[in-house]
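Visitor: Chains as they are written, first to last, in my numbering: chain Y, 1 to 434; chain B, 1001 to 1384.
Because the hints were derived from the structure by calculation, they are not lab data. Take these hints with a grain of salt, some might be off.
[Stated by the list, open to error] If you want the footprint, here are the derived chain Y segments under chain B, 3+ residues with CB under 8 Å:
id: 1; region: 254-267
id: 2; region: 340-353
[As the list claims (entries may be wrong)] Taking lysine-lysine and the DSS-like style, the derived pairs with C-alpha atoms no more than 25 Å apart in a straight line are:
id: 3; chain 1: Y; residue 1: K166; chain 2: Y; residue 2: K118
id: 4; chain 1: B; residue 1: K1034; chain 2: Y; residue 2: K346
id: 5; chain 1: Y; residue 1: K160; chain 2: Y; residue 2: K96
id: 6; chain 1: B; residue 1: K1255; chain 2: B; residue 2: K1131
id: 7; chain 1: B; residue 1: K1264; chain 2: B; residue 2: K1366
id: 8; chain 1: Y; residue 1: K346; chain 2: B; residue 2: K1321
id: 9; chain 1: Y; residue 1: K61; chain 2: Y; residue 2: K300
id: 10; chain 1: B; residue 1: K1303; chain 2: B; residue 2: K1030
id: 11; chain 1: B; residue 1: K1320; chain 2: Y; residue 2: K346
id: 12; chain 1: Y; residue 1: K346; chain 2: B; residue 2: K1303
id: 13; chain 1: Y; residue 1: K154; chain 2: Y; residue 2: K118
id: 14; chain 1: Y; residue 1: K346; chain 2: B; residue 2: K1030
id: 15; chain 1: B; residue 1: K1321; chain 2: B; residue 2: K1056
id: 16; chain 1: Y; residue 1: K178; chain 2: Y; residue 2: K160
id: 17; chain 1: Y; residue 1: K346; chain 2: B; residue 2: K1069
id: 18; chain 1: Y; residue 1: K92; chain 2: Y; residue 2: K368
id: 19; chain 1: B; residue 1: K1005; chain 2: B; residue 2: K1056
The beta-carbon is built from N, C-alpha and C at its ideal position, and this holds for glycine as well.
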Amino acid sequence: MERSVLVVGSGVAGIQASLDLADKGVIVHLVEKDPSIGGRMAQLDKTFPTNDCSICILAPKMADCYGHPNINVLTYSELIGLDGHKGRFKAKVLKKARYVDESKCTGCGECLVKCPTKGIPSEFEMGLSTRRAIYMPFLQAVPRVATIDREHCKHLTEGKCGVCKKVCKREAIDYEMKDAVLEFEVGAVIVATGFDVWNPMVASEYGYGRFPNVFIAMEYERIINAAGPTSGHIRRRSDGGEPRTIAFIQCVGSRNVQLNHPYCCSVCCMHSTKEAMLAKEHKDDVKTTIFYKDMRACAKGFYEYVVRAQRDYNVEYVNSDATVQEETEDHNPVVSFDVGGRSVRKEFDMVVLATSLVPRATNAQLSKVLGVQLDEFGFIKSKDRIFSPVETNVPGIYVAGYCGGPADIPESVAQGSAAAAKAAETLVEARVFA
Amino acid sequence: MSEIKKLIDETGAFDCVECGKCTSVCPVAKVDTKFAPRLIVVKALEGVDTNLAQEKEMWSCTTCEICNKMCPYKVDFTGFIQGLRSQAHDAGNFPVLSQAGAVQTMQRIMARGSKQNRLGWLTPDLRVKEKGDVFFFTGCAVQLGTIYYDRAVELRQTPASIVKILNSAGIEPVVSNDEVCCGHDLIWTGEEDLFIKLMDRNVETIKRSGAKTVVFSCPECMRTFEVDYQEFLGDFDFELKHISEYIMELVGEGKMHFNKGDSKVTYHDSCRLGRHLGIYDSPRELLDEIGLELVEMPNSREKSACCGVNAFANCSEISKKLQHDRIVEAIETGAQAMLTFCPKCVVHFNCLLNSPKSMTENEKLKIVVREFGNAIAERLQEGG
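Whenever a hint applies, use it, and build me the whole structure from the sequences.
Guide: What follows is the structure in structure tokens.
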């Protein structure tokens, strides 16, 4: 009988589940593969339908999580093994060496500006800016400690350099650090590993990767963010100019039977509406157009949000799927679409693709480790979609957030709380029957 | 109306969500403001137009299938058009055919079973058999090369080139004087009854030869066997193979060698070989094997542009525009020649290149468009 729970993934769903459990007095081991907790929500600029600053509302929860006496946050770590059964699982976690002592590093950032190995695409900024070999993924990263990327570090690959060690006044750099395998017992497991962004380069009709001014929505979220690679100025990839016309194309790769993503991603009607509004807030003379298949603004306040975009932000909605097959000489993408059965082409300064959000590529491996089933698309399967939405086929393992299927932030939070409640129930049962 | 309902069922048209993605990629819709793939399907779905068979727009479709490939819901628009054309033909709605329908007339004559000398191209140095494992379906390249002698006379060499290639690997293919046109153009202009006659004759000829593999050079013949014949007759017990796939197998077995060339070419994925049959890689591997440097056009593989005409129906200024755009794309790659397996693409592109310069308004339209099989045969190593 274990009064502790393992939470895999520290996006908003994992954070919510961890805090709920920890507040109940349960010990939580929160495992995150990246150097910081926060997940996808930390990358977003604003949230719909309230236009709250995403990181501003998430960061306090991240800090609560890290500072909570009942939560053991294991960043830069991966779950590699799980044995046992409900009430008594034995988890094996690989804690990758970050070559920085978490207990000593204060996040002063001295090493980050001195490291000579530059030009590595930043994962957090969707490759739109670069980082160095020693880095913190973003400004509000939790824990606020640096991480050395072993693939690029000159000292770790060639035995040269050593600049970061020299400049670190706290002597936190430890090149001798080794990967460690931690083992602990838990009573229940919550999986909240989130989603991958589908790469539209495989569908040549959208011109992504071929035309510089075609972006994906996650890139756009970073571009409009004040802390992002362009300090919040919307800039074209080709010339750095600010666009005056932006097209948003919906359902790129989702609701697509040919690609085996027949599901609706459930967020792009709303996030594109938000992104179009924000463009206007950033610069008043921007004209935005959203090309959509069907408007699925179904939750509370969502449709009103769309109406507000049309009325107050002059966002134009065109009911047609669209493709980008050509660009002009000055790299303006040309969008083709259908107006009542007529093919129309229109030039825009920038195009943003609302790409499908797909199951993590690592789900197959994770399902083997956990023994949980995946659904036909690769999401983690619920035991029963109606009455047991957060339970999996394995008793004692629960699922929350996008890794179980399309969900927006409020839904992910609700599922995080639901999974926490279910996990707590498991611990009580374990105590009664032990 | 029940026939339309059947068609809606068979082609998955009911799944259409009217998103318009097909329109945005359709080459015809880009030029012809009256045409869009989904419009015809939507009219059928809504049941508004009970006289769909009289619709003239269906003949504008080049059946290039880019809409099928791009449709998120896998609606078979091209299949819908094919079915509709059959109904149109019965209702007396005909397309305008090029050369007063010379090609269709030839096919109708063959369907009625007149005497023919289909193997006139066979020279004594070529080794062929009457029965054997490998049947080479020659197609109508020779006839097309004769009708269109002014623009694609090289097509008369194609079957001989293919036999020469096969001979060099020690293969003596079966060729037959009883072979007739596959009927591709007839089924795409709605003449299903005559098409069935051609189909039955061809399948019987192949069965009689005892062949286990049928090799095609013409993408249209292969598509007709693979899709249309098997739809009528069920799966064949012989294998269908495109010459590019077959040669690459023989190369892999070390049975074939080529003199390496050094020119730069571009490759045009004909719709039948590419989108209809999914064969994109073997022609490219083959180019590499014969030492020709491939420069890709921006619109290649599943996004390949269209040659503008299907089954010689409704050739118009729209077809010319599509051909013009494709040729410009090919010239911009800097290649000396554009190769393609489809004899009709060769005819259509050369039609544009040979037309009076005042019509194309462009003096610079200069590139060689060649049939792929002939280009391979030229690179064969003697005794290889």
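Visitor: None of the hints should be skipped; say for each whether it holds.
Guide: Cross-check of the supplied hints:
| no. | hint | verdict |
| --- | --- | --- |
| 1 | 254-267 | holds (count 5) |
| 2 | 340-353 | holds (count 4) |
| 3 | Y/K166 to Y/K118 | holds (18 Å) |
| 4 | B/K1034 to Y/K346 | holds (18 Å) |
| 5 | Y/K160 to Y/K96 | holds (22 Å) |
| 6 | B/K1255 to B/K1131 | holds (22 Å) |
| 7 | B/K1264 to B/K1366 | holds (15 Å) |
| 8 | Y/K346 to B/K1321 | holds (20 Å) |
| 9 | Y/K61 to Y/K300 | holds (24 Å) |
| 10 | B/K1303 to B/K1030 | holds (15 Å) |
| 11 | B/K1320 to Y/K346 | holds (23 Å) |
| 12 | Y/K346 to B/K1303 | holds (20 Å) |
| 13 | Y/K154 to Y/K118 | holds (11 Å) |
| 14 | Y/K346 to B/K1030 | holds (12 Å) |
| 15 | B/K1321 to B/K1056 | holds (20 Å) |
| 16 | Y/K178 to Y/K160 | holds (19 Å) |
| 17 | Y/K346 to B/K1069 | holds (23 Å) |
| 18 | Y/K92 to Y/K368 | holds (14 Å) |
| 19 | B/K1005 to B/K1056 | holds (20 Å) |
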